[in-house]
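Chain by chain, the residues:
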Amino acid sequence: MKRNAPENAWNAQTPEQEPWNEPDYTPDQLPERRSGGSARLLPLAVCAVLLVVLLVEGAFFWLKGRQLAWQNAVYVPDAQQSMYQADESFAFGPYQRAVKVSGQGEDLGPITGIAQNEKIVRAAVSLGVMNDAAWDCDGAFYLQCDGVYYRNLGGYELEEEHPEWAMRALEGFELCGPGMEEGWVYFLVPESVSEGTLWLHWLEKNDDYDTESVQTAGVAVQFDQEVTGND
Amino acid sequence: MIEDTRKGMGLWVLAGLLVLAILGTGIWGAMRLSALSVAPGWYASMDGAQIEPVQPEGAEEGHDYYRLRFVLTNNSDQDIYVAGWNLGVRPAKGYEYAVDVWHPWDESITLEKEPCVPVGCIGDVELILEVDPEELETKTLRVALDPYGETPLELGEVELP
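Chains as they are written, first to last, in the working numbering: chain A, 1 to 231; chain B, 1 to 161.
Derived EDC-like pairs (lysine to aspartate or glutamate); straight-line CA-CA distance at most 20 Å: (1) B:113 to A:160; (2) A:119 to B:107; (3) A:205 to A:132; (4) A:119 to A:107; (5) B:113 to A:171.
Simulated from the structure, these hints should not be mistaken for lab results.
Work the whole structure out from these sequences, hints included.
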């Protein structure tokens with residue numbers, strides 16, 4: 001019987017099974033499935049590690065790029081310059097702040113601690129009230145004499161020798177402040193200076209606090225009046 | 001069993017793609033950082049340079065002195081101060097310190113304010129140059145905006161008379 005049985009008789013007793021149609025076995029009954037799971041574990045771990053590396057790398061380049069971009073210059077177009085009459089109120093900057101500059105400045109002469117051929121001059125400036133402080137701005141004062149610009153002296157630079165001057169010294173940032181201000185803007189200039197143009201600069205800032213544009217207002221000021229008082 | 005192998009293969013393919021992404025990000029990032037690191041820290045230009053010999057008070061023997069004047073346009077987002085620590089003048093070749101921006105030293109001076117060219121403005125610049133004629137190998141001088149610790153910006157060249 002066995003001898004006469006067809007060659008595939010034993011195979012005929014087991015049902016035909018497609019290799020991809022696996023029967024339902026419990027995990028204990030199929031060691032191959034367990035090894036397949038562990039085979040996926042390794043590439044899964046590798047993928048997780050690579051993903052972390054990619055995220056760290058991306059964060060590094062992004063942060064470093066931001067840092068370098070912050071250090072690099074931003075191109076600022078030429079300032080919009082407008083001249084105004086002295087002793088007359090004019091609207092300055094995008095918030096149209098009322099400003100008045102006296103055309104008669106004061107020559108305070110030399111003070112201790114400056115070079116022999118230099119002196120201090122000052123110009124009187126009144127700033128009208130603004131409804132709100134402008135946070136997207138920075139301000140500055142300059143005196144232009146024969147094409148050369150001098151930035152104003154801050155109160156902290158004057159307080160050691162002349163604290164009474166420092167008390168009424170206006171700073172550039174006050175151009176953006178909301179309150180009404182009245183005071184003096186001080187400059188350290190060569191002895192030969194007797195007149196100049198007082199420039200008020202309004203620097204508009206973007207979200208990164210880079211300067212986007214500059215609006216300036218200039219007023220001619222004379223410094224031929226010598227003052228020796230302490231006011 | 002075959003299904004498991006396919007899933008494993010898929011993860012290995014994903015790992016390969018991640019490796020490629022890491023390499024690509026690295027190359028792109030390095031190129032971007034390189035471009036940013038050599039980008040100018042300033043936007044400025046020099047025009048109408050003039051140079052003439054002078055003999056300033058306090059001049060030292062053995063040195064020649066020249067007054068350099070030019071017009072500077074500042075389109076940077078910072079003021080450009082007119083001072084030796086900010087504007088550098090060097091010979092085009094030879095000993096670097098054969099030329100220097102000269103400023104008389106006075107220890108009694110405690111309040112000093114250099115002129116500047118404000119943001120967005122055009123201003124006149126005047127520098128006194130101190131030249132060591134024995135060390136000078138060329139009459140061509142390079143003027144640069146060269147603040148300490150920042151990438152210098154070449155403004156142009158001038159010829160000594």
